[in-house]
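Starting from the two chains in their separate frames, assemble the complex, guided by the hints.
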Amino acid sequence: MNEGEAALAAPRTYRRALSGGWFLSRRSYFLYVVRELTVVFMVAWLAWFLYEVLLLKQNAFTSLSGNYVVLAFSAVCLFFTLWHAITFLNLSGLILRVPLGDRFAPPSAIKALSFGGLIGATLVGGAVMIYLGYVKL
Amino acid sequence: MAETVTIKVQRFNPETDTEPRLQTYEVPYKEDWVLLDAITYIKDHLDPTLSYRWSCRMGICGSCGMNVNGYPRLTCSTHLRDFRAGMTVEPLANFPVIRDLVIDIDDFMAKLKSVKPWIVRQLEQPLGAGEFLQSNNQVDNYRQFSQCINCMLCYAACPVYGMENEFLGPAAIALARRYNNDSRDQGAADRVKVLAASDGIWDCSFVGECSAACPKGVDPAKAIQQTKFDTVNGFVMDAMLTPFGGRG
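Residue numbers (my numbering), protein chains in the order written: chain A, 160 to 296; chain B, 2 to 249.
Chain B extracted, bound-state conformation (with noise of 0.2 Å):
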């Protein structure tokens, strides 16, 4: 007899349930298989009904996360083999949640634009004048918070988030963070309007959380507590150049 693994799944149906129930498989074990691969046999084989998020299946997407036995994942990294006990897959923690294993995302798209997470200029310059040329060095100053994939497990792991849905959170921070820190980029000032607003970056109590379950190692924690030092920094160094109100 093939090796099985149990799967309980949250399902929910906003047309029949009024709250979420687990409903559980079982998916034939295989030592090369993710989670992806047992959700997609259940959705195969066993429950056409069962609703889920995913695209690449190479951890680069951001689509697929779930939590899994209460932590924040992507399914497409997480092998069956170090689950053999069975696993409890349920939508990511902290987001309303649509259908199943799917959640509503649009809060964090509106705050992830609301940091502008591209490169701002006050003045464009004609593309004649050629491209912008940056040193090893400040590449390395962005890159790490450039490898962000908006898979939002560091939502679904901030506890700050969850009991505060206004918090901008960990994603739209670093990215904020990448952006300031990109040479080429002119939009802080735009930027700290946000990210020093009252649901910005001094609602974060450093939990930690966010950084130890980011799949791409980013660390927003990081990028956080920077950007208070900063953000007090430069108040500070505005109030000493300009100590009679000068700021406009």
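Next comes chain A alone, as it looks inside the complex (with noise of 0.2 Å):
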């Protein structure tokens, strides 16, 4: 193989490297590290609901379910784990395919259904705590 042939056999070619900033070249990019990042605040907050566990099997448990910080950064995580859920299950019609013979169930009951189980499951497992007492009305 001569010199030609091996630049054609093997070209030397350049790539350009991601930047570290690449999120910030587009909006939709940057929308998706938000919503990923989102995940940090719930991972932290059941690390603490955790951790409370362990305090309550220790006997050691000390409650600060009243305190405003933690009532304001429980809030905030409540509102990115309904915005996961919601977004989530507004794609469900179009991830999940349940079969009815040669097609596929419709999107739109798929979706009904899954928003129908978020609501029920709700509902239901409130009902159980509060039966339980472990929820004061």
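It should be emphasised that the hints constitute simulated quantities derived from the structure, not laboratory data. Treat the hints with care, as some may be off.
[Unchecked claim] Partial selection, computed: residues in chain B whose CB lies under 10 Å from chain A:
#, residue
1, Gly71
2, Glu91
3, Pro92
[Stated by the list, open to error] When the alpha-carbon atoms are kept at most 27 Å apart in a straight line, the in silico BS3-like pairs for lysine-lysine are as follows:
#, chain 1, residue 1, chain 2, residue 2
4, B, Lys9, B, Lys44
5, B, Lys229, A, Lys270
6, A, Lys270, B, Lys217
7, B, Lys223, B, Lys117
8, A, Lys295, A, Lys216
9, B, Lys31, B, Lys114
10, B, Lys9, B, Lys31
11, A, Lys270, B, Lys223
12, B, Lys31, B, Lys217
Note that the Cβ used here is the ideal one computed from N, Cα and C, for glycine as well.
Printed below as a string of structure tokens:
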């Protein structure tokens, strides 16, 4: 193989690396990164929740649930959780495919069932908590 | 004096350049011209050394994809009238550049081939047995994904592919989906080995830009999320039906 043939077989190429600020180049990229970062809040809230459960197990529980900072943080986390749940369930009709013969169940029906399931599970969970006395009205 | 439009074009000569540079051209402005016409004008009248790919000029072959003002587009479908303030034309992002606006597509072609984008039959039947018939609903199950023209705009829009070139990528997964959804195909079990591998569907974090960039409305992001669901569903069903390791 001569020099020309070698160059044709493996041409020298240039690849531009993705810059560190790639997510600032487009609004949709930025919103995607914001969406991903919201998970940090949710993980922090869950870690705190598990820590309180651990304290409860060790009989050293001192609830911070009444603290205004914790309440505000919980409200933010609830907002993010609902945002993820709603955006996910909005797409459920497109993603979950339930076969019906040679076709699939209509996306609108799957979406309605998904939201119905979320609302139903929330109501049942709330009712159980009230019944068991964990939540006082 | 005739109206003109300013076009900055990324140039890269592998024999002399270590990195790309931008070169500015003034091109006649015509209301009905697309960007590909303007680039062809540069090649024919201003600078014959400019290299670029094109073929059909009507949004079917998928050859003329380039980044226009940072966004991946088919240049045969991008009108100058929408960019009167001028435009910067670069090769599709995330791919190695061979020369000027020409990218190396070997990686994409290998990934495309790995998902077997053709109808796989476990046992071929003789021609005399007749054609495979499909209902309209069965065709509708894969029609959208069959519109892919392999233009690679989705790869240029995908930051995951930009960061991890090993990622199988949107178009290859959409094409796999197209054949998995085809009632004539029996190759889903072969494809899942590639799709569910570490560089397959699970690399996608659902940015969604592949679907926004697709000029044919294929929606690769939907294909990827559907494949994730089907893969998990298949795994769970398999585990439930053969809970003690019946899988081979």
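Now for the hints, and whether the structure bears them out:
no.: 1; hint: Gly71; verdict: 6 Å, holds
no.: 2; hint: Glu91; verdict: 9 Å, holds
no.: 3; hint: Pro92; verdict: 9 Å, holds
no.: 4; hint: Lys9/B to Lys44/B; verdict: 14 Å, holds
no.: 5; hint: Lys229/B to Lys270/A; verdict: 18 Å, holds
no.: 6; hint: Lys270/A to Lys217/B; verdict: 26 Å, holds
no.: 7; hint: Lys223/B to Lys117/B; verdict: 20 Å, holds
no.: 8; hint: Lys295/A to Lys216/A; verdict: 22 Å, holds
no.: 9; hint: Lys31/B to Lys114/B; verdict: 41 Å, violated
no.: 10; hint: Lys9/B to Lys31/B; verdict: 17 Å, holds
no.: 11; hint: Lys270/A to Lys223/B; verdict: 15 Å, holds
no.: 12; hint: Lys31/B to Lys217/B; verdict: 26 Å, holds
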